[in-house]
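Visitor: Here is what each chain is made of, one letter per residue.
Protein chains: 2
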Amino acid sequence: MLRDALKEIREAALRAVDPAAAVRRHLQIIEGELHVAGESWSLAALERIWLLSAGKAAAPMAAAAGELLEPYLKAGLVVTKYAHATGATLPARVQVIEAGHPVPDEAGHRGAAAMLELLAESASRDLVLVLLSGGGSALLPLPVPGVTLPELQATTELLLRSGATIAELNAVRKHLSRLKGGQLARAAAPAPLVALILSDVVGDPLDVIASGPTVPDPTTYADAWAVLGRYDLRSEVPATVSAHLRAGLAGERPETPKPGAALFEQVYNQLIGSNRQAALAAVETARRLGYPTLLLTTFMEGEAREVARVAAALAKGLRRHGDPLKPPACLVWGGETTVTVRGAGKGGRNQELALAAAQALAGWEEIAIMALATDGTDGPTDAAGAVIDGSTVRRARELGLKPQAALDQNDAYPLLAATGDLLRLGPTGTNVNDLLVILVGPETPTAKSAERNQNFTIEA
Amino acid sequence: MLRDALKEIREAALRAVDPAAAVRRHLQIIEGELHVAGESWSLAALERIWLLSAGKAAAPMAAAAGELLEPYLKAGLVVTKYAHATGATLPARVQVIEAGHPVPDEAGHRGAAAMLELLAESASRDLVLVLLSGGGSALLPLPVPGVTLPELQATTELLLRSGATIAELNAVRKHLSRLKGGQLARAAAPAPLVALILSDVVGDPLDVIASGPTVPDPTTYADAWAVLGRYDLRSEVPATVSAHLRAGLAGERPETPKPGAALFEQVYNQLIGSNRQAALAAVETARRLGYPTLLLTTFMEGEAREVARVAAALAKGLRRHGDPLKPPACLVWGGETTVTVRGAGKGGRNQELALAAAQALAGWEEIAIMALATDGTDGPTDAAGAVIDGSTVRRARELGLKPQAALDQNDAYPLLAATGDLLRLGPTGTNVNDLLVILVGPETPTAKSAERNQNFTIEA
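Chains as they are written, first to last, in the numbering used here: chain L, 1 to 460; chain R, 1 to 460.
If you are wondering where the hints come from, they were derived from the structure by calculation, not from laboratory data.
Built from N, CA and C at the ideal position, the CB exists for glycine as well.
Treat each hint with caution, since some may be false.
As the list claims (entries may be wrong) - No more than 35 Å apart at the CA atoms, straight line, and that leaves these computed lysine-lysine pairs for DSBU-like:
{"#": "1", "chain 1": "L", "residue 1": "258", "chain 2": "L", "residue 2": "346"}
{"#": "2", "chain 1": "R", "residue 1": "346", "chain 2": "R", "residue 2": "7"}
{"#": "3", "chain 1": "L", "residue 1": "7", "chain 2": "R", "residue 2": "346"}
{"#": "4", "chain 1": "L", "residue 1": "258", "chain 2": "L", "residue 2": "7"}
{"#": "5", "chain 1": "L", "residue 1": "74", "chain 2": "L", "residue 2": "258"}
{"#": "6", "chain 1": "R", "residue 1": "258", "chain 2": "L", "residue 2": "402"}
{"#": "7", "chain 1": "L", "residue 1": "326", "chain 2": "R", "residue 2": "7"}
{"#": "8", "chain 1": "L", "residue 1": "7", "chain 2": "L", "residue 2": "326"}
{"#": "9", "chain 1": "R", "residue 1": "258", "chain 2": "R", "residue 2": "346"}
{"#": "10", "chain 1": "L", "residue 1": "402", "chain 2": "L", "residue 2": "7"}
{"#": "11", "chain 1": "L", "residue 1": "402", "chain 2": "L", "residue 2": "326"}
{"#": "12", "chain 1": "L", "residue 1": "258", "chain 2": "R", "residue 2": "258"}
{"#": "13", "chain 1": "R", "residue 1": "402", "chain 2": "R", "residue 2": "7"}
{"#": "14", "chain 1": "R", "residue 1": "402", "chain 2": "R", "residue 2": "326"}
{"#": "15", "chain 1": "R", "residue 1": "74", "chain 2": "R", "residue 2": "258"}
{"#": "16", "chain 1": "R", "residue 1": "258", "chain 2": "R", "residue 2": "7"}
{"#": "17", "chain 1": "L", "residue 1": "326", "chain 2": "R", "residue 2": "326"}
{"#": "18", "chain 1": "L", "residue 1": "258", "chain 2": "R", "residue 2": "326"}
{"#": "19", "chain 1": "R", "residue 1": "258", "chain 2": "L", "residue 2": "326"}
As the list claims (entries may be wrong) - Covered stretches of chain R, as calculated for chain L (at least 3 residues, CB under 8 Å):
{"#": "20", "segment": "68-80"}
{"#": "21", "segment": "293-300"}
{"#": "22", "segment": "306-314"}
Said to hold, decoys possible - Here chain R is said to cover these stretches of chain L; the calculated rule only asks that three of the stretch's residues, wherever they fall, bring their Cβ under 8 Å from a Cβ of chain R:
{"#": "23", "segment": "124-138"}
{"#": "24", "segment": "291-298"}
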């Protein structure tokens, strides 16, 4: 019963962030006017519309926009991951380039260059419609002149290995790239630009999603240079990279467009899909199914197995004491956890979270937890995550499996597959990070007594 | 202002779990009858009252009981940690033994033996009043005949190093000890026994607190032996230990008293103070101060720095989106985190949690988080924890300190001392694990804009 409810909750959450539906909701033609991002344009007055779509959901998003705008489109370009354009019905004037992700490749390089070429034609009476989804950054690699793609990648890897934050990494990358950090918007000027953005970054920072090609960049060459200094990488990065940054520092290279720049007066960035929308749909559905529900946060981060212990703690408090809601009840969180890989097993952050939660909740009744990657792909597996309950560990042991050993080896997949707790949905077509749903059933005499005995159970 | 509110919240929480006050609340004489634990005894009909108190709060608890019961007391014994009986006014007939904690010593051994001697005199028309608080297990070490205290300790250490759970550890220890696992209650029989228990264990499992000397033990010699087998320790533990457990397996040693045993018909265990009581007082106070408040859970566990990231995620969701409450608001959790020590620095789990939360919340306005060890002693330091806010990291950097390096070295104490964020309260006299209070102030235009810029901030 808890599992049936979790299925409904999951389906509603994924529907709420369907990329094509999100585009359709935010793009409307009413009496000859195109309404989008709180603005409107007379289609009669617009000379041409250009459609640029990049990211893992680029094809369905462009198809949805194409349904409405095909008669007005001058040209369009979709850059998406290999095999991600299959099945999308796109207007004839929209070109598709499939490219490498997460490792950028030459196809992506060509796609990014093609975007710049297309924008070179745009003029003030045009409208540029940009559709962005997760993966857009890797799919549109376009290093500054003098720096090659492998050199850009080597710099990224050095920073990641040094423990640089995403903000630091972006300050550097935006100053080594030709589209990131508002530069796509600059290329579109003087044409007005509307960007519809599906967020795959926790907290929805628009300057980070797809590296913010349509968003002002407050960081400078000085910041980028300072970051390299902070991690002692100035002489480690390729010479072309340090040469470019030094030239930028000396004012010999153009800066990325800054907040307040005039060009942004004609740029409209609109978030059309996010983890929170999925989470809110989950909340609404859980409530409709009779579970009082709280949305705790959509900023969830941290090591998956430790976040699992907090999730289990919440489930126990709810079950035992009615904190923060009396059972039956539901708690929804969103965000994205990480896994520090220690073993050689098969799994993903949601599967690992689910297994660790199962360990912490062994023997507890009427509690189920769903950990879900909304894109359907949790880690390098074909699973989206898992739904576990208080019997998962017992069922695993009955099959001769060892939950703690599986966790130690980052090997959640085979165990959860064996117990039937794995979620295999196939690619969902969207990507707004992860959802965590804790569902606690009504209080029963059995559950009460099981919990009391729980104190005495020795776990193998 | 947030810090003032946190001070009031903290004081109310600690007042709610004052051990002496808790004993006074649960022990009353009304018209010649002693009311305690839902039962009542005619003082005229009772022949003698025996008072046994063990744990870090044993002295103030016994003093509170003594205020009421001194005229009826036959004898009493307090076993507490060194320097923890200072200042308590105890009835003359109550003997005090100070002993080693957390490492048991000979004084504790003598104290435990003295308890058994005292109980040898108790009879059916007597009442045995037992007061238990955290530390009671280490303070009352009494190995079974043939096993020495160092051998018992060596066994405990082997199990801990092998990754045994607390339930597994207890199954073994209860079968190597003479008071744990309900055996103190058996020694008191046929006298009725009332135990008033201050919980220092997350979730308040009565069989774990002070190793459950008055609570039935569902584990057996077979369980204890299986645990040693599971960790391949059967030939690692001292020979006297394995010999005793084998003899128990063969039925040649008495089992610990089991659930349902007749003797427990006259045993009344009453929880008189817990983390949840402190948390509820915190909630009540925060609400009175104008902050809508939720108690999230009192089962909090996990690696301190990772739990911190979840706490920060909750604060951000509250601040930015009004999840799960609109600001101003407060979230209270309780439990106890752990620290995997990697560096050689100075700190404790609450200080480390606070510093990691400060990192995650750098630049956020109108958010403060208090991480508090309710006993006033967080790790091996004189601090109880810390109160951090969105300016902690900036203030630390202005002093030339490096928050991430401090965290990497488990060295939160000096940094938080320098920023003035450390909480130094001295010993509080109680111990009900930790509290985590997230306080978010009212929405302000400054806070709004600061958060927006937060996306662009590069953290050093």
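Visitor: With reference to the structure, classify each hint as holding or not holding.
Guide: Status of the hints after comparison with the structure:
Restraint check for residue 258 of chain L and residue 346 of chain L: not satisfied, since their Cα atoms lie roughly 44 Å apart, outside the 35 Å limit. Of the pairs offered as hints, the one joining residue 346 of chain R and residue 7 of chain R holds, with about 24 Å between alpha carbons and a cut-off of 35 Å not exceeded. A distance of roughly 47 Å separates the Cα atoms of residue 7 of chain L and residue 346 of chain R; the hinted pair therefore is violated under the 35 Å criterion. Annotation: proposed proximity of residue 258 of chain L to residue 7 of chain L is violated, straight-line Cα distance about 45 Å (limit 35 Å).
As the CA atoms of residue 74 of chain L and residue 258 of chain L are separated by approximately 29 Å, the hinted pair is consistent with the 35 Å bound. With a C-alpha separation of about 29 Å, the suggested pair residue 258 of chain R and residue 402 of chain L falls inside the 35 Å cut-off, and the hint holds. Distance check on the hinted pair: residue 326 of chain L and residue 7 of chain R sit about 29 Å apart at the alpha-carbon level, within 35 Å; holds. Restraint check: the Cα-Cα separation between residue 7 of chain L and residue 326 of chain L comes to about 22 Å, which is no more than 35 Å; the hinted pair holds.
About 43 Å separates the Cα atoms of residue 258 of chain R and residue 346 of chain R, which puts this hinted pair outside 35 Å; it is violated. Annotation: proposed proximity of residue 402 of chain L to residue 7 of chain L holds, straight-line Cα distance about 27 Å (limit 35 Å). In summary, the hint linking residue 402 of chain L to residue 326 of chain L is supported, as the alpha carbons are separated by about 33 Å, within the 35 Å threshold. Using a Cα cut-off of 35 Å, the hinted pair residue 258 of chain L and residue 258 of chain R is violated, with the two alpha carbons roughly 73 Å apart.
Straight-line distance between C-alpha atoms of residue 402 of chain R and residue 7 of chain R comes to about 27 Å, which keeps the hinted pair within the 35 Å bound. The straight-line distance between the Cα atoms of residue 402 of chain R and residue 326 of chain R is roughly 33 Å, inside the 35 Å bound, and the hint therefore holds. Between residue 74 of chain R and residue 258 of chain R the alpha-carbon distance is near 29 Å, which keeps this suggested pair within the 35 Å criterion. The hinted pair formed by residue 258 of chain R and residue 7 of chain R fails the criterion: a straight-line CA distance of about 45 Å is larger than 35 Å.
For the suggested pair residue 326 of chain L and residue 326 of chain R, the alpha carbons sit about 21 Å apart, so the restraint of at most 35 Å is met. With a CA separation close to 32 Å, the supplied pair residue 258 of chain L and residue 326 of chain R stays within the 35 Å bound. Proposed proximity of residue 258 of chain R and residue 326 of chain L is supported: the alpha carbons are some 33 Å apart, at most 35 Å. Coverage of the segment 68-80 of chain R by chain L is violated in this model, with 0 residues showing a Cβ closer than 8 Å to a Cβ of that chain against a need of three.
Judged by the Cβ-Cβ criterion of 8 Å, the segment 293-300 of chain R is covered by chain L as claimed, because 7 of its residues qualify and three suffice. Only when three residues or more bring their CB closer than 8 Å to a CB of chain L does the claim for the segment 306-314 of chain R stand; here the count is 7, and the claim holds. For the segment 124-138 of chain L, the stated coverage by chain R is violated: 0 residues have a C-beta nearer than 8 Å to a C-beta of that chain, whereas at least 3 were required. Coverage of the segment 291-298 of chain L by chain R holds [criterion: at least 3 residues with CB-CB distance below 8 Å; count 5].
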